Amino acid sequence: MDPISLLTTVISTTSFLLTWIDQHQSKGKVFRDLRTTLDNVCSGVLLPLSLVGTNGGSLEPSIVGCLQTVQEVLLRTRDHLVVWEDSRKIKSGKKLWAFLNPAVVLDELKDDKAQLVSSVQILSAAIQISSFIRQPPNTLSLPGESSRSLISSSDNLEIASNGDVKDFWTTEIGVEALYCSAEFLHTALSRYLDKTLTPEAKEILSLRLDEYGVGCTTLASLDRFVGHRPLLDALMTLGVIQVDESPGSSMENVDPASIKPILIMVDDEPENHQYTIDLVRSYNVDLFVFTSTASAKTWIDANETMLCIADKFGRLRCVSDNARWEQDNSISTASSFATSGISLNIYAGETILRYLRGRQYSAPVLIAAGKSIMKTSYVLDYARAGSTCYLDVLLDFVHPFIADDGKDEEWWLDFNVQPRDCTKPLLLWVGDSGSDSLPISGQSSVQTVVVRSLVEAQEEIKKNRSEVMYFVPLLPSSNFVV
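Numbered per the UniProt record's numbering, the sequence shown finishes at 482, counting up by one with no gaps.
Note that these hints are calculated values from the structure, not bench results.
Just so we're clear, the structure is a prediction, and the values are computed from it rather than from any experiment.
There may be inaccurate statements among the hints.
Claimed, not checked - What follows is a set of in silico ranges between Cβ atoms, one per label pair, in the way DEER data are often shown: (1) 382 - 313: 19 to 25 Å; (2) 260 - 183: 37 to 43 Å; (3) 313 - 458: 33 to 39 Å; (4) 106 - 260: 42 to 48 Å; (5) 198 - 271: 41 to 47 Å; (6) 88 - 392: 35 to 41 Å.
As the list claims (entries may be wrong) - EDC-like, lysine to aspartate or glutamate: derived pairs with alpha carbons at most 20 Å apart: (7) 202 - 223; (8) 260 - 311; (9) 195 - 164.
Where is the CB? At the ideal position from N, CA and C, for every residue including glycine.
All chains should be modelled from the sequences, with the hints used to inform the complete structure.
Here it is, written out as structure tokens:
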């Protein structure tokens, strides 16, 4: 994401949070304080900064890093507000099939506000420093005046509370940087700790420390993950440090037969899956239904031990919708700052999938989509994930839990999976796109696709890997292997 687009997204998210608080008419002190902070951030810092892009200017790398951190805090705040709303449904009698503690959520919102204040202070300092450097020599302030308004780059570290994290960041990343890529972090951690990281470490670090897909790992996200632990201990629990397998394991004495299957369902309209819900509940399966990704994530974090055991023995699965109707936060101008509408969030499915893989759950995940099924090709980028818009496929997905026989061909691990009884074999022709002589193109039992190159052929095979493949290479000297 380019810097100006990032700034626009940060402004949009802030405006969305302000609108959300206003519409819910939350009178508590936590919400009043949070709203005041958000309002000051938007009107006093973000909107003036947006004039840089309007006037054709660019943003300094230090400002971009600060914006990455602010956006991460705002997205986490949004999640906590959604969880708080879900917790109120319990009091109002609406059924929420998992327990959420509103008092805990309020404490998290207090932490969010403190993190937001800290990150915005650093952002403000970066803006002042950038403006100071760009001023012509004859307009520079007196040294005494500038020293009162500018903050040293070492203050960037104040957003972190863990001393071990601060030492690592200062030594390997640099005090002036607030973010880095997962690949750079992988190399830096290996060098700093003098440890060999696993081959999967880069992907795990990216998924876990960049939970919202911002595109980088920030100092704030690393500090939040490590918490009060030593850095090495935290990474050991994440499993990215290469170690010899221990001879004993706390799970070795667990009887797999004693573990009830667990199905997690995330859908803003669970009544659409009422048949599946009733069917699963009639068997010995623990079903937990959530209407938001935020609530699901909160519950998963609180039940990590139970879920890890279930995952270890193949007794955990997750079903999620792909798109979810929610309040629009896609505004891009100051004039639309106070407006809101309803829009379709097409990233809801990938959000929960990314979250689960970031926490190293290997459980199968099926995205049950509707009209947005063609937007679910992201499942191809994740292990043990598929997408469908057919009830038959969903029932096949949960069937191993119902049958309790441990047999699962996992044929549904693909993009836009069709029921097996209606999947046609695919005849893939690679050759001249101008040819109109396809010997069996008229046969209704076979679907035919013509591509012009082996690269296009590989893309088609990737999209249709669950189907029976007939491959007809018409290009000379082809070394393509299916």
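*Mind listing which of the numbered hints don't hold for this structure, in increasing order?*
Violated hint: only 4; rest satisfied.
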